[in-house]
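Chains as they are written, first to last, in the numbering used here: chain A, 16 to 552; chain B, 16 to 552.
No wet-lab data here; the hints were simulated from the structure.
There could be a bad hint or two in this list.
Unchecked claim - Result set (EDC-like, lysine to aspartate or glutamate): computed pairs, CA atoms no more than 20 Å apart in a straight line:
| hint | chain 1 | residue 1 | chain 2 | residue 2 |
| --- | --- | --- | --- | --- |
| 1 | B | Lys397 | A | Glu94 |
| 2 | B | Lys397 | A | Glu88 |
| 3 | B | Lys86 | A | Glu132 |
| 4 | A | Lys234 | B | Asp78 |
| 5 | B | Lys189 | A | Glu117 |
| 6 | B | Lys320 | B | Glu308 |
| 7 | A | Lys434 | A | Glu132 |
| 8 | A | Lys397 | B | Asp78 |
| 9 | A | Lys340 | A | Glu308 |
| 10 | A | Lys397 | B | Asp264 |
| 11 | B | Lys189 | A | Glu105 |
| 12 | A | Lys86 | B | Glu117 |
| 13 | A | Lys320 | A | Glu309 |
| 14 | A | Lys189 | B | Glu117 |
| 15 | B | Lys234 | A | Asp78 |
| 16 | B | Lys531 | B | Asp424 |
| 17 | A | Lys189 | B | Glu105 |
| 18 | B | Lys86 | A | Asp390 |
| 19 | A | Lys446 | A | Glu393 |
| 20 | A | Lys234 | B | Glu233 |
| 21 | B | Lys397 | A | Asp78 |
| 22 | B | Lys234 | A | Glu233 |
| 23 | B | Lys421 | B | Asp193 |
| 24 | A | Lys397 | B | Glu94 |
| 25 | B | Lys434 | B | Asp450 |
| 26 | A | Lys347 | A | Glu309 |
2 protein chains.
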Amino acid sequence: MMRKFVSDRAGRNIILVRSFHHLKQLLQRPLSATQSRFLSSTVLDSTSSMASSNSSAPPVNLDTINPKVLKCEYAVRGEIVTLAQTLQQELQSKPGSHPFDEILYCNIGNPQSLGQEPITFFREVLSLCDHPAILDRSETQGLFSADAVERAWQILDQIPGRATGAYSHSQGIKGLRDTIAAGIEARDGFPADPNDIFLTDGASPAVHAMMQLLIRSEKDGILCPIPQYPLYSASIALHGGTLVPYYLDEATGWGLEVSELEKQLDNAKSKGVIVRALVVINPGNPTGQVLAEENQRGIVEFCKKAGLVLLADEVYQENVYVPEKTFHSFKKISRSMGYGEEDLSLVSFQSVSKGFYGECGKRGGYMEVTGFNADVREQIYKMASVNLCSNISGQILASLVMSPPKVGDESYESFSAEKEGILASLARRAKALEDAFNNLEGVSCNKAEGAMYLFPRIYLPQKAIKAAEAVDIAPDAFYCRRLLNATGIVVVPGSGFGQVPGTWHFRCTILPQEDKIPAIVSRLTDFHQGFMDEFRD
Amino acid sequence: MMRKFVSDRAGRNIILVRSFHHLKQLLQRPLSATQSRFLSSTVLDSTSSMASSNSSAPPVNLDTINPKVLKCEYAVRGEIVTLAQTLQQELQSKPGSHPFDEILYCNIGNPQSLGQEPITFFREVLSLCDHPAILDRSETQGLFSADAVERAWQILDQIPGRATGAYSHSQGIKGLRDTIAAGIEARDGFPADPNDIFLTDGASPAVHAMMQLLIRSEKDGILCPIPQYPLYSASIALHGGTLVPYYLDEATGWGLEVSELEKQLDNAKSKGVIVRALVVINPGNPTGQVLAEENQRGIVEFCKKAGLVLLADEVYQENVYVPEKTFHSFKKISRSMGYGEEDLSLVSFQSVSKGFYGECGKRGGYMEVTGFNADVREQIYKMASVNLCSNISGQILASLVMSPPKVGDESYESFSAEKEGILASLARRAKALEDAFNNLEGVSCNKAEGAMYLFPRIYLPQKAIKAAEAVDIAPDAFYCRRLLNATGIVVVPGSGFGQVPGTWHFRCTILPQEDKIPAIVSRLTDFHQGFMDEFRD
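Bound-form chain A, shown alone:
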């Protein structure tokens, strides 16, 4: 009897059968213990690939595409945002068609889309590097600051042949990596090696690269915070791995407890999951907490003991708003504990999209990769090579954010004023929105110590939860959709980030410009009161 063991699209073991008769025969035969065991995870499937081998290819539809793609979700640009785009179009074509006259995108950390101005010095340098022909024209002196011109020359000299339009080294232009490594050294007080830097189109491709490297199958797990930035869940799903959740403690300001890491690691192991890495987002997204040094040391110790790669999302390293907290990189922490390359595999992600510069559209970033053996490093390099290189403007900008103007440079004062202005304003906005959320009935909101988000908890009335169930959406998505339809404010339901079951949240950026905050607070408060009046138990 022909019996073929293969895997189906969902990775289940299946036995191909030629016909219904064949299937009946198969089921009548007694099975050995081994066969039974194999069959316990098996689906009998009569659609043999042999049967279709002379017809045309399967049509491209949801049943025939990669199921990992189907599984992947990214709430930050999910359904609520699609609805917002529709409302925006309706507002344009029919002004007055909604009870608000603009859509306020608080769903995504995209500062310049909400009116933040770019940092002048950075843009001057980028502009000059894009058109070096003007560098020695006299008009240029009147248009650009002297140190921007000087920096542009420096950067051009670091690019082989001054060819800003050429593919660079797969890891990025060496001179720029030198600058970045020097910036990391200045930040941490420990050496950094330019050969450890991989420049990338923002942090997302870097995260994907590490997931691609580490995940072999759904047996491989990645420890991720819950709530988490959904790039991680999306990337783990796309690469076919298992997200192993660890919960941040809302009651202690989204505390990250090593005991929780240990518990979840053991739990995963008992299910046969091989945990490969730990993701830590510091400052937290969507949660906004900044880790204490002592806590970071515990995390490093945990990774070392468990042999986990530490994937440190440090893209908000410049976004700290409370005087009692300071950002420390995990590299600095581990080196200060005496741990070197041999002790810990550590990847730090940085991006030009965040910080005070918020240059999301430039898609610049890097990862600093330490503590991997030479063979594996070569594989990471090969993966970078397949994509040739990241965009050069993004590379240049990544070097600028790690090496901004210094005291004495012509731009220094204006640069510092821009930087401090933005950071101080972000701190005020975070506080104003936090207070507003805490003033709402049935809402509690932790402080945004850093990053760009608040993640308030809403204690939804049972009546609201039932109403959401009736239309088959998550209760927090129900709330967010109502909020959008009533106010034009776009926030992301907590269910898109993960949360303790039975709790409900949403993520709201702190990025609307300050002059808009009072109106936002008032619209939000009115909406919330109306919502509670409608659904209060």
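Following the hints, put chain B in place on chain A, whose structure we already have.
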């Protein structure tokens, strides 16, 4: 007896055994026919995951990373290039240490790295969009052409809030997609929809996205030309699919025969491979042929009949050097045959890296996605969303290449002169190198009708093949390494692209500047003569 069927890292079926004793017992027991069949593809593995379930995670090494990463190869930046980088460092630290004083990178289509100047108009617009603050300064009028200023304003007005530093719509800025769609319409004479355009960081991520969408397992095959651009083999390997080769016919100028497609499709089907898509690179890379219209119609018909997605790599659409050939997009061909969305799933890839502009470092490009149902389109959109958006400078540049200055614009004449100058020079360089290769003993080289490469065939003497075998490398890699060590010229062995077994080639770009060609030809000729003198049978 405990017997556990699982899959190992390489996807092989394995049976976990507790001990060597257990293994011996297992091997002594007679196996049923079913067990035998299952075991025929099975490896016995004594390193049970259960045994290690209480220890720490596996170390990160070549045995524990994703085997798909290991399998992926990308010759264009492979070993030869690594050697070239080492030689370059040696030349810098010890001038005169090699019989040449510079490394000539002919391994990669990277025009500006070899001295090609960027197109002025494009760079002016990019520069202005990077620093819009100078747009209404009087000095700017003296530095930039009037139409560049005007175009920059147009583009800024297409960006919501003029925020060039914001993430855009996941598919790219709508106004830029409108411009691109209009450019496609002007090129093809058939409508194009801006909602079908997905802007990407060069063409590579677009190719990866389609492979990720279509490939479910190694049972899914992608028909690829041999020789092929190794991005395709690398991407198929990374996504775990099967490359189904079809051979281009060197004897007819790298002809693409539909009968060969049919043969290979049937062959793949008979092996149980489900072929999902056909990759066609036109103009060809590394082969340089430009497909005839009639041939393209046959290919479209083949894809329609077989139900295959047509993945059309059209990044060299502006690089055609012979008067008897014209580039036609597959979209134009299929529409001119009366086929619409319902008839054919078609993806066209375009890039700002190639053409006459060669802006590799900008990482701009797009794919035009037609003939997929709404559900699948939504999944493609979701995948784009996870990566937020491609870089805005690249997006702007993609719109510029599809909508360059027109008659009457201030820049038109200088733009046309730059464009025609580069294309005419590329045609001369292609011819000069083609002739030089054909003048070598035992070398034959097809014409580069288009693209940026020549792919000469070398009839290597048996003695050379034996010498290569002795040092355990492919004979063409042996030749290329010798060439590099003797002349500093970097080319890529044909084995990195695939070739008919027993034939040997290398890929050489036509990109060195014209004044360098005579010296290159003379170094190459001298080397080749010496090589033949050493190894002639």
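Need the status of pair Lys434/B, Asp450/B: alpha-carbon distance at most 20 Å? Not satisfied, since the Cα-Cα distance of roughly 24 Å exceeds 20 Å.
Check whether the Cα positions of Lys421/B and Asp193/B lie no farther apart than 20 Å. holds, 17 Å
Restraint check for Lys397/A with Glu94/B, where alpha carbons must lie at most 20 Å apart: holds, 10 Å
Between Lys397/A and Asp264/B, is the straight-line Cα distance small enough, at 20 Å or below? violated, 31 Å
20 Å Cα cutoff - pair Lys446/A, Glu393/A: Answer violated: Lys446/A to Glu393/A is near 46 Å, above 20 Å.
Given the hint that Lys434/A pairs with Glu132/A, does the C-alpha gap stay at or below 20 Å? holds, 11 Å
Check whether the Cα positions of Lys234/A and Asp78/B lie no farther apart than 20 Å. The hint holds at about 15 Å.
Does Glu308/A lie within 20 Å of Lys340/A when you go C-alpha to C-alpha? holds, 9 Å
Given the hinted pair Lys86/A and Glu117/B, is their alpha-carbon gap at most 20 Å? Judged against 20 Å, a Cα distance of about 51 Å means the pair is violated.
Straight-line Cα separation of Lys189/A and Glu105/B no greater than 20 Å? Distance of about 16 Å is within 20 Å: holds.
So if I understand the rule, the pair passes when the alpha-carbon distance is 20 Å or less; does Lys234/B with Asp78/A pass? holds, 15 Å
Would you mind confirming whether the straight-line C-alpha gap from Lys347/A to Glu309/A stays at or under 20 Å? holds, 13 Å
Of the hints listed earlier, those the structure fails to meet are numbers 3, 10, 12, 16, 19, 25, in rising order.
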